Amino acid sequence: MPVGRCNEFVVRCANVNGTGSSSANALLARAFYRMGLPIAAKNIFPSNIQGLPTWYEIRVSEAGYTGRRGSADLVVAMNPQSFEEDVASVCPGGYVLYDSTKSINTARKRDDVTFLGLPFMGMVQQHTNQRKRLLFKNICYVGALAALLAIDFDVLTGLIGEQFKGKERLINQNVEALARGRDAALAAFTCPLDFHAERRDIVGDKILVTGNRACALGCVYAGATVAAWYPITPSTSIAEAFGEYCARFRVDEASGRNKFAIVQAEDELAAIGSVIGAAWNGARVFTATSGPGLSLMSEFLGLAYYAEIPAVLFDVQRTGPSTGMPTRTQQSDLIAAAYASHGDTKHVLLFPSSPKECFEFATVAFDLAERLQTPIFVMSDLDLGMNIWLSEPFAWDDSYRPDRGKVLDYAVLESGTSFYRYLDVDGDGIPYRTYPGTHPARGAYFTRGSGHDKYGFYTEDSAKYRENVDRLRRKFETAARLVPEAALEAAPGSPLGILYFGTTAEPMREALEGLSQRGIELDALRLRAFPFTEGVLRFIECHDTVFVVEQNRDAQLRTLLLAEAGIAPEKLVSILHYGGLPVTADFLIGSILEHVTPSMQRPTTGAAS
Amino acid sequence: MPVGRCNEFVVRCANVNGTGSSSANALLARAFYRMGLPIAAKNIFPSNIQGLPTWYEIRVSEAGYTGRRGSADLVVAMNPQSFEEDVASVCPGGYVLYDSTKSINTARKRDDVTFLGLPFMGMVQQHTNQRKRLLFKNICYVGALAALLAIDFDVLTGLIGEQFKGKERLINQNVEALARGRDAALAAFTCPLDFHAERRDIVGDKILVTGNRACALGCVYAGATVAAWYPITPSTSIAEAFGEYCARFRVDEASGRNKFAIVQAEDELAAIGSVIGAAWNGARVFTATSGPGLSLMSEFLGLAYYAEIPAVLFDVQRTGPSTGMPTRTQQSDLIAAAYASHGDTKHVLLFPSSPKECFEFATVAFDLAERLQTPIFVMSDLDLGMNIWLSEPFAWDDSYRPDRGKVLDYAVLESGTSFYRYLDVDGDGIPYRTYPGTHPARGAYFTRGSGHDKYGFYTEDSAKYRENVDRLRRKFETAARLVPEAALEAAPGSPLGILYFGTTAEPMREALEGLSQRGIELDALRLRAFPFTEGVLRFIECHDTVFVVEQNRDAQLRTLLLAEAGIAPEKLVSILHYGGLPVTADFLIGSILEHVTPSMQRPTTGAAS
Amino acid sequence: MTYIAKPAVRNPALPKNSLGLTRRDYEGKISTLCAGCGHDSISAALIQACFDLDLPPHRLAKLSGIGCSAKTPTYFLGAAHGFNGVHGRMPSLATGANLANRDLVYIGISGDGDTASIGLGQFVHAIRRGVNMLYMVENNGTYGLTKGQFSATADVGSKSKRGEVNIYPPIDLVRLALDLGAGFVARSFSGDKDQLVPLIRGALTYPGFALIDCFSPCVTFNNHEGSTKSYTYIRGHDLPIVDLIPPRQEITVDYEPGARQEVTLHDGSRCVLRKLAGDHDLNDRAAALALIEEHRRRGELVTGLIFLDPEGQDMHMRMNTVETPLNALRYEALCPGAETLASINAELR
Amino acid sequence: MTYIAKPAVRNPALPKNSLGLTRRDYEGKISTLCAGCGHDSISAALIQACFDLDLPPHRLAKLSGIGCSAKTPTYFLGAAHGFNGVHGRMPSLATGANLANRDLVYIGISGDGDTASIGLGQFVHAIRRGVNMLYMVENNGTYGLTKGQFSATADVGSKSKRGEVNIYPPIDLVRLALDLGAGFVARSFSGDKDQLVPLIRGALTYPGFALIDCFSPCVTFNNHEGSTKSYTYIRGHDLPIVDLIPPRQEITVDYEPGARQEVTLHDGSRCVLRKLAGDHDLNDRAAALALIEEHRRRGELVTGLIFLDPEGQDMHMRMNTVETPLNALRYEALCPGAETLASINAELR
Ligand SMILES: Cc1ncc(C[n+]2csc(CCOP(=O)(O)OP(=O)(O)O)c2C)c(N)n1
Ligand SMILES: Cc1ncc(C[n+]2csc(CCOP(=O)(O)OP(=O)(O)O)c2C)c(N)n1
Ligand code: SF4
Ligand code: SF4
Ligand SMILES: [Mg+2]
Ligand SMILES: [Mg+2]
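Protein chains in written order, with numbering that gives the first Met the number 0: chain W, 0 to 608; chain G, 0 to 608; chain A, 0 to 348; chain D, 0 to 348.
There may be inaccurate statements among the hints.
Calculated pairs, DSSO-like style, for lysine-lysine (alpha carbon to alpha carbon, straight line, at most 27 Å) [what the hints assert, rightly or not]:
#1 G:K463 with G:K453
#2 D:K28 with D:K146
#3 A:K146 with W:K131
#4 D:K146 with G:K164
#5 D:K158 with G:K164
Derived from the structure by calculation, the hints contain no laboratory data. Predicted model only: the values in this text are computed from it and were never measured.
For reference, chain W alone in the conformation it holds in the complex (with noise of 0.2 Å):
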């Protein structure tokens, strides 16, 4: 086997959707995981509900590259409609295993490619019940897989043990097909093929998990009590998942009743509503969304910022505009975010590009939206969100107590300590609150997305305006003191920077590797946070040149920096993908490949930190 080979591959499993395959497809990616492999598992699925094709592609990788690479060395196309398709996307020299039940087409065959035909639907006849036949015969093709890539067998009983713990005939049914999917591969194939899995311990105690998953477990530990939500891709399962958690960690064991709430909103008007209510009297709250109900929080989203109300929200983007391709990814709501709602507002917005930091971005939100009083937005996508990643484990502080801002108690009201809503106190721009119902007497103000003075009464006072208004300039500057900083990936020294954030990372640890391999150095910068930290300016200012990378077609980043950072035009270069499938390292590569030119790099005249 040439070296490289080994635990260096794609399987591209194609299903009809609604047919079983994709919990078969799950055990497939968590056995290479179980090996101690490091995967990336991309669902590509349509947005109905079933019959249409979905792909679920699993990407081996001794070398720890989690990226979509795209390609794939096996395609399982047990999929009719999409056969001619999935058989084009093999890599040259590849494999196509299909169900030889029914005669397949020839003359749709590659000649470069090796066609493997089981009879998978022939493997599962015995079950009469036509849901278990469609269910088995999935496994079945696991079962083949599993001799044709080496995957150890008894990791995939023990996961089907876990997963149906306690259920016997189940299990002895799961292992059965498995054994049957197996046994017919090795019988009709030399197994296994020249790329397959070996054990590794590469992965050691990362975890497999979706962000959408990460970002309800962050809101857990953040203390957050209050969620209120619409659902949408692909968005809905954070909400889900925080309905999950709070039920098994939430739940008061004395009484048997929740020390949460958690509203399905009648849209997305009402939910932000709801989380603004929430927030206004000093719960943890948050919503999750997406593209459209993002622009249908606009409105709102500009009282919580002049008004000063903490709300935490995640955006898990996906391809617009409009409805657009909602089971697709895409960076494209940045503008939406930052600048949402009409007159003068900016918002901060938090990047996150793994579970882990959607784990900890979680915490990070709340406190900032207590701290500054402002709504806070987690930018995810879909790639994230929804598709498992090898991820750090998640870790915790005990010591962590919530930042709650700028908040006066009763006992500090009783002090005589004088209060006024929106006055400057500190010079940071951010001014005091009071929760409803702390002081008798007092404390107590109104609140209002109209006119207001620094001491929080209404007023359509030209310099009462403009003073508040600008002291919210300045709490923006701020915020951009307190967010987290970007981060440092790669550091060669190079004159040529490249700026990018979320998704993108992943991919892009590999290009960098690949563009080295090829004698481009390029330091990178992994961007975490809007509105842009002194770490970002001065990496752009240090760099002549800067790729700016991101999933979407305007550039909405590049248009931020330009707006935000005063950095000349001709200094960032838009590197875009906008297809909604995930950015791969091959992509990247080549957009660079096409910008740099040899003056581009010239020597390295010092460390560019």
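Based on these hints, arrange chains G, A and D with the ligands on the given structure of chain W.
Okay, now just chains G, A and D with the ligands, sitting in the frame of chain W:
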């Protein structure tokens, strides 16, 4: 009388709203205009209905400066509540006319202004009806001003006669009140004052009209048949005036039935939804709104952008963020409009700066909307929309026919021309469309905000998706060639340029002259549309420094220039006015002087056109 | 959903209506809904009703929001223009479309999430205005497309596929429509073609707002945990939620007017329908409300035409608009011209 | 509205409630509404009711949307926190606020535009959830703050100050609330203090959603062209719309339960109120609907407590939340801790 004080002054009437003052003040303003004098009138009113301070500033300017001046030469202080503040607003050497019926606290008086007391309340005691007393008291002060400012009495009585035509009793009572005021003033003071009015013939055939009325009339002339709106200050009077004109000019004589339909929707989401539905179905249709409504429309605007539906919106901007100051002006919805909605969206904006342009841009907006098949935003503001302006009369060319854009009708479809909804047949990025119900067998298509290919079919395919959104980007480039070119308002050939739009135009004209007198010359370009035209880009290119003047805090136009036009940030110097009152020439001059250094004003090297 | 293309050749033996069209001319694209989804039965009924009524397919316009239900306009009347808008806002699109051209026949398709949650305000106001349209709610008590959350029409106590229990009382769209003055109010069941087709015919010919609240089971998410027929039971409770959706037969019923019919849903749960015999006073709103209430107490869901206002006013009647569709008025009939403008200028001096 | 400041010294002779507070302690800032506006009477009634109930003012929270009505929370209970949100979205703010702290008393103030138009969906869903609050609609049939457009509760055929005639039927919020399961449903009239104050007391103590749809005449825009008492008549029809608003007296009534009372509005138009005597079956929703309908046919607007559900469930009961307000739970009681996280990590391997 010192030269320049005749026909150059500001009268400021300070009243309580709901006391009948606005008709008295309008009478006063119109009287100067009828004397052939250019005027500017600014109504500064509170966001309530009755009982709060309200001001009406009338500037008379023989020089033709019809921007707001700010200070006042004479204050009519009828509101005890704001008396002190009103006295403070008089220029040194100016006058305060007040009601001396009740004695006034002399401690509040200033030494450098002259107090003119007349017992206005006392003058109307003969009316037993309280309402009449309130009303005629106001007419009395107009009479007094007639004496003090040498207003032609016949002009006043003429206006009264027109207003109450056929109601002799009312005419007599009003004229009597006028006369009482005048006679009292003549008896008590040396009339006229050093500054006063003198008949001229400067206004020619100019008219006095609000921008909102002009927009409404423009919609009538453009052939709009449907309007859907939701009341919101300061846009309401567009829909209301449209209704008035339709009732006059659009009722079918034979049947008495309406050739128009106006829906007061249940909210702005429904308003824009109905606009999109009607536009899809081939009607010329519009909505009018302000910031909060615009925010609520964002989701739908993304649909209109992506599904390519013509829609015309008038955004009469007010002071944001959130509810903000609804009766104050601002130009702060630029970003909210230009990038309305999530995902990659860009919209076309028009910036009228006078009622005449409001009228004309209505037609331009409909033609562009249908030509480009996209929403067009006419960005007006409270100052333009609700105040009366001296404007060139409206003009109309009867040969105008609407540009309905690329619509295939029955005949074309019948002829067998192939039709695919989103195909770029002409290379300008603009596809063809058909109206529902056109042809039994050809031309039907399915409109959707979800992924679609160039043929109009549903897709989740990356390449097809990209092909379509790339065409949309090209269409936006076409838009830049079709929108109104910016207007070069001054071209002394300076290295310094100034860029502005909308209601900044009038005070800018005055400011440019003022600066010129101080030896500072600026080339001045008035922007009329977004995306930016060639002319705008060339203008910026040709100047070393370009001041960008806007009425918002966050330099939103500058953001658009940086993001869309690739301009070096240090070239664009922001002048920002955002207190909610109309910008004044003094403010502009002051702000520019702060920025202009001698070195900026290098000798002219060539004509910057 | 099936991916076998429909035969392109036409069967000359298919019955034709008075326009010379066959049922096929009223069809649309192949459905991508789950096999057995009630929504597909409704599409079939719409096709049948339009065929029966001899409606020229291109003179209809189909509008919808977002959801499985909202996808269906692609699956019928392919010769008509369709508009799949944004979630919950179909009523305003339909209002605008209708304003522009009163001559087309409007079919609005919505789901219970689309109508009773996000779109409730628009639904109510379309009724209030009397937009002349068929407003069809494909009501399954769940959010199909987003995978089984409760909608506002779900019964209290019903259990979702994720095992959650609905704690809020349902909104009855029929009662709401009656209360708000809808002119034509009916309830039906997707599987009852005999009842549904005539109701659609009635709604399409009614000159005002016509609601059909059509119970339309979701084979995938109308799935009660407790049911032994549910596949969650078979798979052992812990698989991903939407994983396997076995193709199912649509549920159909065939029973007499006046009769009571128990329907067993895909998951084994039951509901009781009562088909109105047409012997109640169709024109009395209060009586209609009482009727619903009476049967509700007996645990029955009344189906059929519940109310019809013979005097109902549609939006255009109220607005007194001209007969000619507004989108067909010639520009010359709309522009007051330069001369009038001169007099308007004069008024402004 | 008056700009004379209230005397700062307290009158020791003012009656005190059991908290030792006087009525003045329940007051707010001076109103900026038109003199005689019905909304001010409602504020006065709210002040009286809270005083009567001995409610600690700071344990109430006031929320509103946008409109003249929505301004009023500034004019009562100055010691309570208030939130003047965005137009039509008070119900969601109140829902969230209530979720965070179930221990405060919530007063939501809305207008008929705020509730019946832009806010209709939120209104309905707050009822459906059973948010524990007083929801007061200050219903004048018009958009006061934007100067007199019709709201969705205006009668068909009524004429606006601009001379337009309303062509759409009104939405009856009481009927809607009954239909949607509100627990406490009442209608009243701003000028009927004797009726309104006890109703507010009842609503504030009711443990669930309580609606008071309060007819509240707008002195400025409830103005029928035809009325000889209207000042439009006096000024001769062609002045700017909102120019002179003569100060007026609020309209008050004083009549017995069970009685009928004709009210003459500021413009001379009339309406007939029927005060419920409390002898109807308060707990029967269907009967309540029938009662309203019966009086409507007689041209009477029924006022009083129309329905009360003694078993009504509020949102927190449905959600089974702990007694302690969620905003008062200690962080230690909320965070599962590092150890649990380790086991969660283990599940994810
Ligand atoms: C603004 C917005 N929010 C949320 C969604 C996500 N979404 C799509 S369909 C749907 C609900 C569909 O339920 P229903 O209307 O009952 O239709 P069904 O699928 O059950 O037929 C939701 C919430 C969306 N598309 N747009
Ligand atoms: C989103 C939005 N749209 C429109 C408005 C303008 N607006 C302010 S108050 C109001 C209507 C108020 O009517 P109502 O609720 O009946 O209150 P009232 O003034 O009659 O008491 C409107 C439309 C707004 N503030 N926000
Ligand atoms: S999920 Fe339910 S509603 Fe959607 S297509 Fe499938 S069966 Fe129909
Ligand atoms: S306009 Fe009407 S509702 Fe508003 S304050 Fe005046 S009287 Fe009251
Ligand atoms: Mg549904
Ligand atoms: Mg009102």
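Here's how the hints hold up against the structure:
1. Simply put, K463 (chain G) and K453 (chain G) have alpha-carbon atoms about 7 Å apart, close enough for the 27 Å limit, and the pair holds.
2. Restraint check for K28 (chain D) and K146 (chain D): the C-alpha separation of about 23 Å stays at or below 27 Å, so the hint holds.
3. Between K146 (chain A) and K131 (chain W) the alpha-carbon distance is near 22 Å, which keeps this suggested pair within the 27 Å criterion.
4. This hinted pair checks out: K146 (chain D) and K164 (chain G) have alpha carbons roughly 26 Å apart, not beyond 27 Å.
5. Under the criterion of a C-alpha separation no larger than 27 Å, the hint pairing K158 (chain D) with K164 (chain G) is consistent with the structure, at around 24 Å.
When the structure is compared with the earlier hints, no violation turns up for any of them.
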